[in-house]
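Undergrad: Fit the two chains together into the complex; they arrive one by one in their own frames, and the hints show the way.
These protein sequence lines are chains A and B, in that order.
Start counting the first sequence at 1; every next residue gets the next number (my numbering).
Start counting the second sequence at 1; every next residue gets the next number (my numbering).
The reader is advised that the hints may include incorrect statements.
[What the hints assert, rightly or not] From the structure, some residues in chain B lie toward chain A, with a derived Cβ separation under 10 Å: (1) R74; (2) N206; (3) Q255.
In short, the hints are calculated from the structure, not lab data.
Note that CB positions come from ideal geometry on N, CA and C, so glycine has one too.
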Amino acid sequence: MQNFGAAFGDAFRLLGGFDPALMEIILLSLRVSVTAVFISALIGLPLGAILGVSRFRGRAAVLVLLNTLMGLPPVVVGLLVYLMLSNAGPLGPLALLYTPGAMIIAQSILVIPIVAALARQTIEDMHAEYDEQLRILGVGRWGMVATLLWDARYSLLTAMLAGFGRAVAEVGAVLIVGGNINHVTRVMTTAIALETSKGNLALALGLGLVLLLLAIVINAAVMGLRATAARSAHA
Amino acid sequence: MKRIRRAFISAAAIALCVLGGPALAGENFIIVQSTTSTQNSGLLDDLLPRFTAMTGIEVRVVAVGTGQAIKNARNGDGDILLVHARAAEEKFVADGFGVQRFDLMYNDFVVVGPAADPAQVGGTADAVAALRRIAAANAIFASRGDDSGTHKKELSLWQAAGVDVSAASGTWYRETGSGMGATLNTGIGMGAYVMTDRATWIAFGNKGDFRILVEGDEALFNQYGVIMVNPARLRSPKIAWSRAFMDWILGSEGQAAIAAYKVDGQQLFFPNARRGS
Numbered sequence: 001m002q003n004f005g006a007a008f009g010d011a012f013r014l015l016g017g018f019d020p021a022l023m024e025i026i027l028l029s030l031r032v033s034v035t036a037v038f039i040s041a042l043i044g045l046p047l048g049a050i051l052g053v054s055r056f057r058g059r060a061a062v063l064v065l066l067n068t069l070m071g072l073p074p075v076v077v078g079l080l081v082y083l084m085l086s087n088a089g090p091l092g093p094l095a096l097l098y099t100p101g102a103m104i105i106a107q108s109i110l111v112i113p114i115v116a117a118l119a120r121q122t123i124e125d126m127h128a129e130y131d132e133q134l135r136i137l138g139v140g141r142w143g144m145v146a147t148l149l150w151d152a153r154y155s156l157l158t159a160m161l162a163g164f165g166r167a168v169a170e171v172g173a174v175l176i177v178g179g180n181i182n183h184v185t186r187v188m189t190t191a192i193a194l195e196t197s198k199g200n201l202a203l204a205l206g207l208g209l210v211l212l213l214l215a216i217v218i219n220a221a222v223m224g225l226r227a228t229a230a231r232s233a234h235a
Numbered sequence: 001m002k003r004i005r006r007a008f009i010s011a012a013a014i015a016l017c018v019l020g021g022p023a024l025a026g027e028n029f030i031i032v033q034s035t036t037s038t039q040n041s042g043l044l045d046d047l048l049p050r051f052t053a054m055t056g057i058e059v060r061v062v063a064v065g066t067g068q069a070i071k072n073a074r075n076g077d078g079d080i081l082l083v084h085a086r087a088a089e090e091k092f093v094a095d096g097f098g099v100q101r102f103d104l105m106y107n108d109f110v111v112v113g114p115a116a117d118p119a120q121v122g123g124t125a126d127a128v129a130a131l132r133r134i135a136a137a138n139a140i141f142a143s144r145g146d147d148s149g150t151h152k153k154e155l156s157l158w159q160a161a162g163v164d165v166s167a168a169s170g171t172w173y174r175e176t177g178s179g180m181g182a183t184l185n186t187g188i189g190m191g192a193y194v195m196t197d198r199a200t201w202i203a204f205g206n207k208g209d210f211r212i213l214v215e216g217d218e219a220l221f222n223q224y225g226v227i228m229v230n231p232a233r234l235r236s237p238k239i240a241w242s243r244a245f246m247d248w249i250l251g252s253e254g255q256a257a258i259a260a261y262k263v264d265g266q267q268l269f270f271p272n273a274r275r276g277s
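Just chain B, with the same shape it has in the complex (with noise of 0.2 Å):
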């Protein structure tokens, strides 16, 4: 009986070593919201250590989509919101979660494809005339349709483009409701096309044949935004922590870091902010 009881105890004494360990990061943290590209990319687990080693202020990073972040930011859950879709950050702020929307950085779309490219769109630099020609084929097409910040962008090419795609949803034209990773391994699963964001593409390590066909057209221009939440919303000391990160990822030390990521060899994003205009 003893020795029975001895077991329970030791077992009982690692449970507790385990579930009383010690706290596994600091005090000092600010939480961005932010979109899925700039996590599987690389970029924000290059960038932030930076500026932590300077600050002492660590940031930890929710990657969700375009949509979903800016709904966490709006219950409270982030003091800085690093997305991509410029209607929904202007409404954010006008709507007084936030203070103030800055230009952060760019890179593009482009639409990758198998390399068989059934519906010839190969090399075109005219993205809504791809687009047409997709449609016109019954190619099979893969979208976010997770109200993302690409999704947005998908969807005002699609508009553009005249094509009714809610109409063709579950034939050719298929939301997957996933991030952008989970919709290109399930496009590259059914051989559709996917209209993805440059740094997601040369980041993924699960290319298959496929390939970029349609880039370099000005619509698929994919601008970043940063907004510090409103400090109204914010604990007091999330307001110094949340000025400092702004003021580095706009200044010339964040911008450089941004400039000075490259994947492959090939730079993914490009610093456009422009502080005070």
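Just chain A, same shape as in the assembly (with noise of 0.2 Å):
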């Protein structure tokens, strides 16, 4: 049987070796889901925004959808993404199927509903307390989301950390739109998942240990350019 001991030394082997096809396959992981946790914060902080400023009819109803597409299954959205993108799909001319823009489509949609609900919430919360003295300002309903949400930025950090995890821990939905390919959209989780299915345990094991070393390393960044950032605004 293969041991713990063995992953960890293929993990740092690979790693500290900067072994050429382990950095491809980490650049790639990072390109595709930090790309992806863009555009969900382009979409979905201002959408989570003008929910949580916003009073309408049915929206406890929009609430409890959006909640619940946090929890989308990644193969789900894999495949509703192939179909579209499949050149028998209504999308097909775009060629974007096995590429990673796919993989970043299909990150996006499973992103987007995490940092929407979160940014909803949070936004929520801080209106409640500053919606009065806005309103005393003259702010309007635009002014408002803005306001807000520049001044929830550090709190948005972590729903946006809370969507990069999603991205980057998921293989379901890169694994079929993108279709694992070698030097092309073979990324961490896939290459994890071929290691496991070539019998290589502890390989697999020990790029898991790089991907969660990975994720330790942005979120520490994140956090730094946070204490960083706070700390200047009140020097």
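TA: Put into structure tokens, the structure is as follows:
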């Protein structure tokens, strides 16, 4: 039986030696998931903020739906995006299937609800606190959305990190729409699935550790940025 | 305030560098829809760079079960189909999705199982009799259950053995619904017999105490075929590239490269293309 010691050994040998194949896979993972999170932030943050400050009929139903979409099964999203992007599908002519672009689309669909739902809660809470003040200052609806988003930017970073965690860890969607093609669409999670299916369990676990390490670095970097920015704001 | 803005701007700049990074590969490529066995055994990783080095045409492989590979190719999401289920391949061509089917290479299937061999099938050369014995002993058998070439072959053997596995599904007959490697991992975890292609087994890294118990029966022959997708369904540059690929893999160089691929000193695939026949 292969063991954990071998897994750590494999992981650090690859990482320490800057194994070019591994570096390529890590960079693609980052490129795809970071892009997906940025797209999700561009769409999800305003969407969440607008929902947070608005009151309309059926709002409760919309919120239930949005919160439910946070649990979208990646395989289902992968299948939907595949059917859209396939040459037999409506968006076939874009020739996006089996490219990083397809993977970014699939992950964005998974992450937008997470960013929007968490942003909605944050903005709604802040809105309750500052509504009167902003009204007295004569700030309109859109000004209010922009102000609250800016004031909540650090809390919203956490929402984006939650989205990044979802994106970088999922395998079901990127496997279907990316195809796990070597040098083109192979990312950390699909590489782990492939090594597992080859029976190279130690290597698969090693890659898992590298992925975890990557997530730690990203999270630490964002927290560090946040702390630096917060400190200078009070200076 | 200024420093905050600078921090955000630098964060955005870093992000843009990641997003706008260069395209990872060239534009001259074809997509091969293939099976997990050809990829997991390492054959394609060895073979395709030779073709790319010679022609400058990149070959991108999507490795799934034969059933899914054929469906993907039917949807037009591939230029070449390289699988192992003759009847399904011939139907693919007959339905107008492919040009012509060619034999490419072969190896064979084997039945692997735990060293303890609870159904006592070790050393049997008769695959059908071995399966009958596994069923009679209610010994656990892990099946792909995914409409792959291996799964189709296994079902045909059960049928020949007169065993109704769908009735036994969930008891001693366990359908994993996943690829060859995943099924081997599961089977080894459960101490179950598994039918696998020899190439995947030889290259597999998690064998535990499992060994080959049944092999050498003609019924276990495993023929791979290669089909170019109907040019009417391809974008124009892909037609010439796909033809070049077919010529290469069915020609002497491709065939020699297949024969030369070895894992642990063992040849995994045996080329047998007969072009023009």
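Undergrad: Failing hints, ascending?
TA: 3
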